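Going down the list, the sequences are from chains H and R.
Using my numbering, the letters of the first sequence map in sequence onto residues 1 to 327.
Using my numbering, the letters of the second sequence map in sequence onto residues 328 to 628.
Since the hints were derived computationally from the structure, they do not count as laboratory data.
Keep in mind the model is a prediction, meaning the values are calculated, not measured.
Ideal placement from N, C-alpha and C gives every residue a C-beta, glycine not left out.
Just to be clear, a hint being listed does not mean it is correct.
[Said to hold, decoys possible] DEER-style ranges, computed between Cβ atoms:
id, chain 1, residue 1, chain 2, residue 2, range
1, H, K213, R, I348, 33 to 43 Å
2, R, A396, H, L108, 43 to 53 Å
3, H, K213, R, A396, 49 to 59 Å
4, R, F368, H, E173, 21 to 31 Å
5, R, R615, H, I46, 27 to 37 Å
6, R, S591, H, G269, 42 to 52 Å
7, H, S135, R, K440, 24 to 34 Å
8, R, K572, H, P181, 15 to 25 Å
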Amino acid sequence: MSSQTRTTQELGQNKQTKVKSRKKTGFLHELVKNKALFIMLLPGLIVMAINNYLPMFGLLFAFRKMDTVTKLFGSGWNGLNNFKYLFGTDAAWVITRNTIGYNVIFILIGLTLPVTIAIGLNELRNKKGAKIYQSLFFIPYFLSWIVISYLAWGFLSNEYGVVNRFLQAMGKERVQWFTAPQYWPYILVIVNTWKWTGYDTIVYLAAVVGVNKELFEAAAVDGASRFQQIWHITIPSLIPLAIVLVLIRLGRMFYTDMGLFFTVPRNTGTLHPVTNTIDTYVYRAFVMTGDVGLASAAGFYQAVLGLVVILTFNAIVRKYDKDSAMI
Amino acid sequence: MAKQKVPSEAGIQISKPANAIWNVIFFITAIMCVYPLLLVFAVSFTDETQISMAGYTLFPQKLSLSAYAYIAKNMAAITRGYGVTIFVTIVGSAIGLLIMALYAYPLSREDFKYKAFFNFLAVVTMMFSGGLVPTYMVYVRILHLKDSLFSLILLYLFSAYYVMIIRTFYKQNVSTSLIEAAQIDGAGEFKIFFQIVLPLAKPALATVLMFSMLMYWNDWYGPLLYITKKELYNLQYLMYQIQAKIANLSLIANSPESVKDIPSEAARMAMAIVAIGPIILCYPFFQRYFEKGITLGGVKE
Chain H
1 MSSQTRTTQE LGQNKQTKVK SRKKTGFLHE LVKNKALFIM LLPGLIVMAI NNYLPMFGLL
61 FAFRKMDTVT KLFGSGWNGL NNFKYLFGTD AAWVITRNTI GYNVIFILIG LTLPVTIAIG
121 LNELRNKKGA KIYQSLFFIP YFLSWIVISY LAWGFLSNEY GVVNRFLQAM GKERVQWFTA
181 PQYWPYILVI VNTWKWTGYD TIVYLAAVVG VNKELFEAAA VDGASRFQQI WHITIPSLIP
241 LAIVLVLIRL GRMFYTDMGL FFTVPRNTGT LHPVTNTIDT YVYRAFVMTG DVGLASAAGF
301 YQAVLGLVVI LTFNAIVRKY DKDSAMI
Chain R
328 MAKQKVPSEA GIQISKPANA IWNVIFFITA IMCVYPLLLV FAVSFTDETQ ISMAGYTLFP
388 QKLSLSAYAY IAKNMAAITR GYGVTIFVTI VGSAIGLLIM ALYAYPLSRE DFKYKAFFNF
448 LAVVTMMFSG GLVPTYMVYV RILHLKDSLF SLILLYLFSA YYVMIIRTFY KQNVSTSLIE
508 AAQIDGAGEF KIFFQIVLPL AKPALATVLM FSMLMYWNDW YGPLLYITKK ELYNLQYLMY
568 QIQAKIANLS LIANSPESVK DIPSEAARMA MAIVAIGPII LCYPFFQRYF EKGITLGGVK
628 E
């Protein structure tokens, strides 16, 4: 008998026993039997219901007429009018471009720079020095976006900022940073890199340290240089972790940090063409101009795009490695 | 033995010149990480006239404590901000930790039939959310949490990501046989959880507690949405307000009356120092747990 038929038989038996015992292991029975475990789940379920599941119904606001913030359910259905309004403006294109564009750059930098630094830290001959560097790299992660926006002001302030004083000392013209949108793509990328690189480095460092030393020794015996060892042993061993991290970030592709895009540029109107993302747009439409319908439509657009990305990646991951799939 | 080891060690190390180059790169990077902080620190001790002459500098020629005198004069608002921040941070992270530790436990139990379902419920929240407007409606229109500190606490009470960290730790460190033995001894589920599981999970719990505390401490977005009363501002939001006020002022030129309330350049930087203070002091202690937590979360099991 081939093993295949045996497993089918076993499966059939399992199915039978499952059907037979269904009555005894139904949800209610389980609820009574494991009462304590369900009670443990309860507080978490309540918080999730409030923070996550209840608001999901609110996505329907996007299809309703929402004149004021005061009424919960607005005044009747509005069909796709909110969306027509949203996509009728340039804003829809600008916020989509900015959101995706910045995220792609952040993902690329967040992959290459931390990996390079982690490998470098691991290579240092002075291990104590490596530890000190690592601690210093990690500091920016602890600072709030408000504090970081104060730090950015220290650099970019028109009159007193370090950068303008430096330009002046070099005999160049000052730049009015907060009214010069052409510089902000660079500024935002630099600030974001400054905040996150230390954190990402530590994530990769753990994997770099974990590479089996015997592989290097074997390679060294075969005459491989240290660079060749890193290129052919260390980097390939980081790929699985890198894939997971990139996938997580791609899943957040349509979300941006309000701290970076709203606080650091100080919500300056002139900068909106390059700092406006879906999140800042929703916030401004909702809180500042009180356009609930428009804000809801943009929020819906964001949620749907995000969901599509996640389901796509999940399907791809599932195809290659079932255990790593999220659903 | 020892003699053999020396050449092999050399084969798997970078050369001394390469080591020197890396050190130079890292030294510069480290300065880039710390420089903005040192700058703000220096500015907070700089004399106002010196600032208007030389701008912000790392080594001011004329020192002054006037910025901190301003802080001392406005101590009431700052103390209140601190109070709100500390209250929300302690209450939020403690309750949140308990809720997440509780939720993670049934998910870690192999014999719990619905663990996959409840796990799924949590994972969904990591990937999909209603967004700003619906959440605001639930908080303000249904729960009436506008101008309530509870809104700031509720926001970050439960994170599926941390639940996964705790659950993985339970799975790896609390053996099924230990739980079974306790059950045979007649211990109830709660007794097992509080007396056996929680003590074994201390490292993971400490890590999640740190992450959670940092999130509450640094929160400014929650107050931006849900707090309008001045006495409920937390520290970060107080700083946000000052910044926003200045941004508005630059739009409406020549409004001397409001200029009066605006803290000087140095005083604002002093506020930043006051807000960073406790975090930097806790930093060495925090760092250990954070590294552990990042490693736990980063390497997906």
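Ascending list of hint numbers which this structure does not respect | 1, 6 and 7
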